[in-house]
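Peer 1: Next come the chains, spelled out residue by residue.
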Amino acid sequence: MNALVLNCPGSAVETTIPPLRVRNLAVSFGAKRIFDGIDLDVAEGEAVSLIGGNGSGKSTLLRCIVRLVEPTEGSILIRGQDVLGLRGEGLRRARSGIGFVFQKHNLVPRLSALSNVLHGAQARAKGPGVWFQSLASSQMRDEAMTWLEAVGLLPQALQRVDSLSGGQSQRVAIARMLMQRPKLVLVDEPDASLDPKTGREVMELLHRLAKAKGVPILIVSHRLEHVKSYSDRIIGLASGRVALNVESGLADPASLRSFFEDAVS
Amino acid sequence: MTDASRSISPRPAIPRFERPSAGAFIVWVIVIGLAVWSVGGVGLSPERLARGLPALGGILNRMFPPDLERLPQILWSLLVTFQMAAAGAVLGLILAFPLAALAAEGVSPHPVVRQAARALIALFRTVPDLVWALLFVIAVGLGPPAGVLAIMVDKIGFAGRFFAEAMEETDKGPREALSALGASRIDVLVCAIVPQAMPSFIATSLFSLEKAVRGSVILGLVGAGGVGVELKVAFDLFAYSTAATIIICIFLLVLVVEQGSNWIRRKLI
Ligand SMILES: Nc1ncnc2c1ncn2[C@@H]1O[C@H](COP(=O)(O)OP(=O)(O)OP(=O)(O)O)[C@@H](O)[C@H]1O
Ligand SMILES: [Mg+2]
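Residue numbers (numbering that gives the first Met the number 0), protein chains in the order written: chain A, 0 to 264; chain B, 0 to 268.
Errors might be hidden in some of the hints.
Cut-off 20 angstroms, straight-line C-alpha distance, at most; resulting in silico cross-link-like pairs (EDC-like, lysine to aspartate or glutamate) [what the hints assert, rightly or not]:
{"no.": "1", "chain 1": "B", "residue 1": "K171", "chain 2": "A", "residue 2": "E72"}
{"no.": "2", "chain 1": "A", "residue 1": "K103", "chain 2": "A", "residue 2": "D81"}
{"no.": "3", "chain 1": "A", "residue 1": "K210", "chain 2": "A", "residue 2": "D194"}
{"no.": "4", "chain 1": "A", "residue 1": "K103", "chain 2": "B", "residue 2": "E175"}
{"no.": "5", "chain 1": "A", "residue 1": "K103", "chain 2": "B", "residue 2": "D170"}
{"no.": "6", "chain 1": "A", "residue 1": "K103", "chain 2": "A", "residue 2": "D194"}
{"no.": "7", "chain 1": "A", "residue 1": "K212", "chain 2": "A", "residue 2": "D231"}
{"no.": "8", "chain 1": "A", "residue 1": "K212", "chain 2": "A", "residue 2": "D161"}
{"no.": "9", "chain 1": "A", "residue 1": "K103", "chain 2": "B", "residue 2": "E168"}
{"no.": "10", "chain 1": "A", "residue 1": "K125", "chain 2": "A", "residue 2": "D141"}
{"no.": "11", "chain 1": "A", "residue 1": "K182", "chain 2": "A", "residue 2": "D231"}
{"no.": "12", "chain 1": "B", "residue 1": "K171", "chain 2": "A", "residue 2": "D161"}
{"no.": "13", "chain 1": "A", "residue 1": "K227", "chain 2": "A", "residue 2": "D194"}
{"no.": "14", "chain 1": "B", "residue 1": "K266", "chain 2": "A", "residue 2": "D194"}
{"no.": "15", "chain 1": "B", "residue 1": "K171", "chain 2": "A", "residue 2": "D141"}
{"no.": "16", "chain 1": "A", "residue 1": "K210", "chain 2": "A", "residue 2": "E200"}
{"no.": "17", "chain 1": "A", "residue 1": "K212", "chain 2": "A", "residue 2": "E200"}
{"no.": "18", "chain 1": "A", "residue 1": "K227", "chain 2": "A", "residue 2": "E200"}
{"no.": "19", "chain 1": "A", "residue 1": "K125", "chain 2": "B", "residue 2": "E168"}
{"no.": "20", "chain 1": "A", "residue 1": "K227", "chain 2": "A", "residue 2": "E69"}
{"no.": "21", "chain 1": "B", "residue 1": "K231", "chain 2": "B", "residue 2": "E17"}
{"no.": "22", "chain 1": "A", "residue 1": "K182", "chain 2": "A", "residue 2": "D251"}
{"no.": "23", "chain 1": "A", "residue 1": "K103", "chain 2": "A", "residue 2": "E45"}
{"no.": "24", "chain 1": "A", "residue 1": "K182", "chain 2": "A", "residue 2": "E224"}
Over the 10 angstroms line for every Cβ pair with chain B, so calculated as not near, a few chain A residues [unchecked claim]:
{"no.": "25", "residue": "L83"}
{"no.": "26", "residue": "S95"}
{"no.": "27", "residue": "P108"}
{"no.": "28", "residue": "S114"}
{"no.": "29", "residue": "A122"}
Think of the hints as simulated: they come from the structure by calculation, not from any bench.
Yeah, the Cβ is synthetic: ideal placement off N, Cα and C, and Gly gets one too.
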């Protein structure tokens with residue numbers, strides 16, 4: 000844990016190190032600049048919404064945090080550790096602590112729900128025991144079952160995920176994320192391809208589980224009502240900058256809506 | 000509303016056939032030219048065909064009725080042919096898998112490794128199996144082992160290419176999701192790529208087996224064991240009625256293998 004202090008000079012004067020701290024982040028794809036100078040913090044136990052129009056770089060920002068996209072500049076500190084310098088085993092360990100729920104559930108088709116949930120343990124265990132549920136230890140299976148139960152899908156444990164509905168798939172993806180025992184959760188529009196009711200249920204579930212565990216959560220959503228009900232703070236991206244950063248209780252609905260409208264147009 | 004807009008701006012007529020570009024025209028001329036030149040070059044004239052057909056008819060005539068006297072030996076070497084094909088195909092498929100993983104984009108650990116694996120697969124695939132058989136007959140001597148090795152190498156080339164393509168075509172989402180949660184390269188290969196590519200792997204494997212059975216007959220002709228040797232001897236001795244029995248047996252074997260593999264395909268995919 001010494002590395003913690005070394006990597007984060009500012010931490011010495013601060014009382015707590017935030018679970019997520021992004022500083023001066025910039026991403027370009029070729030000559031196309033997506034954003035630069037992005038600063039944001041997510042505090043312990045906090046739920047933060049990230050909003051912005053199509054193409055404003057919300058997904059790209061989340062993907063930088065798990066290193067699916069390489070930023071051109073800046074730093075991303077997870078509990079004080081800069082993840083941008085990590086490689087190999089160190090990167091795997093850092094990634095294992097970050098749960099990511101994608102817009103498209105990204106489950107492995109043709110495998111059972113239980114096997115997909117089991118995959119969440121792949122950073123902390125190696126080998127066939129975390130490949131397929133049939134090869135898993137009873138301890139791992141039990142844990143995976145616990146999470147399937149938490150998302151209400153125990154009866155579907157052995158069903159192939161390609162035979163599940165969109166909402167059920169998204170819940171399996173949430174169970175897989177829980178299997179990681181994450182210390183930070185990133186959520187990229189899990190409600191985008193779901194009907195309003197199912198979308199709300201998925202968001203509700205994510206929010207409830209994160210809050211119950213006190214895990215900080217960063218949510219991208221295009222639905223104003225979700226942004227308002229499931230976050231403590233709202234961060235808005237526009238023209239490659241952080242254009243808004245308010246507590247959701249203080250957010251003026253009209254300006255928020257205009258922000259959505261402005262960003263989309 | 001649609002009626003109104005149509006009356007304001009009439010839809011332009013869209014030609015049913017597009018005019019070929021100059022490039023496409025040149026390509027067509029080259030392709031047709033090559034075809035004409037090749038047919039002329041091999042000397043397949045109508046007169047030759049006219050002379051050849053009666054001779055072929057003569058041979059067919061001497062083939063019937065098929066001579067069943069050597070049937071036990073023929074069936075025995077037919078079995079050897081099948082075993083050669085199955086052994087060669089299985090070994091080839093087992094070796095093709097890791098090589099394909101090294102050759103597939105997004106799976107391969109390094110571009111240099113990927114290019115090397117691709118080059119090896121291309122070499123195995125582009126050199127015909129008959130040439131491999133000749134090489135292995137020299138290397139390990141006459142008989143089935145040479146045939147097995149030739150089929151194996153040929154199938155590494157064939158299946159390696161299709162396995163790699165199947166891996167590359169898998170959906171990127173699940174692969175990224177597993178990478179993002181800290182899975183290793185092997186985890187991603189086994190858990191995200193293999194399950195998605197499995198139907199394609201099975202189809203390629205069964206097709207490899209069918210190809211191997213057809214191919215292993217020919218390999219006997221260059222001394223690599225199996226029923227092909229019987230066939231060559233029968234033709235060398237002008238024993239056309241024995242040859243007929245062999246050909247019918249081969250036909251039945253290929254038919255059985257194809258039907259069997261269709262059945263497995265239906266059951267597994
Ligand atoms: N791998 C990539 N290569 C090139 N450009 C990319 C890549 N990924 C994203 N982009 C571009 O970056 C910009 C930001 O994309 P991003 O997906 O982050 O936006 P977003 O805010 O999530 O939008 P949406 O609301 O539609 O999900 C877009 O213009 C997109 O085309
Ligand atoms: Mg997005």
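Peer 1: Each hint: holds or not?
Peer 2: Results for each hint:
1. K171(B) x E72(A): Violated. K171(B) to E72(A) sits at ~26 angstroms, over the 20 angstroms cutoff.
2. K103(A) x D81(A): violated, 28 angstroms
3. K210(A) x D194(A): The hint is violated at about 24 angstroms.
4. K103(A) x E175(B): holds, 11 angstroms
5. K103(A) x D170(B): Holds: K103(A) and D170(B) sit about 11 angstroms apart, inside 20 angstroms.
6. K103(A) x D194(A): holds, 14 angstroms
7. K212(A) x D231(A): OK: K212(A) and D231(A) at ~16 angstroms, within 20 angstroms.
8. K212(A) x D161(A): With a Cα-Cα distance of about 30 angstroms, the restraint between K212(A) and D161(A) is violated, given a limit of 20 angstroms.
9. K103(A) x E168(B): It holds: about 18 angstroms lies between the C-alpha atoms, which stays within 20 angstroms.
10. K125(A) x D141(A): holds, 17 angstroms
11. K182(A) x D231(A): holds, 18 angstroms
12. K171(B) x D161(A): Since the Cα atoms of K171(B) and D161(A) sit roughly 16 angstroms apart, the hinted pair holds (cutoff 20 angstroms).
13. K227(A) x D194(A): holds, 18 angstroms
14. K266(B) x D194(A): violated, 36 angstroms
15. K171(B) x D141(A): violated, 29 angstroms
16. K210(A) x E200(A): holds, 15 angstroms
17. K212(A) x E200(A): holds, 18 angstroms
18. K227(A) x E200(A): holds, 15 angstroms
19. K125(A) x E168(B): violated, 26 angstroms
20. K227(A) x E69(A): violated, 31 angstroms
21. K231(B) x E17(B): Outside the cut-off at roughly 53 angstroms; violated.
22. K182(A) x D251(A): Given that 20 angstroms is the threshold and the Cα spacing comes to 31 angstroms, the pair is violated.
23. K103(A) x E45(A): Roughly 24 angstroms separates the two Cα atoms, so the pair is violated.
24. K182(A) x E224(A): violated, 26 angstroms
25. L83: Label holds. Min Cβ-Cβ 15 angstroms, cutoff 10 angstroms.
26. S95: violated, 4 angstroms
27. P108: Check fails; 6 angstroms does not lie beyond 10 angstroms.
28. S114: Given a closest Cβ separation of 8 angstroms, the condition is violated.
29. A122: At roughly 3 angstroms from the nearest Cβ of chain B, A122(A) sits no farther out than 10 angstroms, so the non-interface label is violated.
When held up to the earlier numbered hints, the structure conflicts with 1, 2, 3, 8, 14, 15, 19, 20, 21, 22, 23, 24, 26, 27, 28, 29 and fits the remainder.
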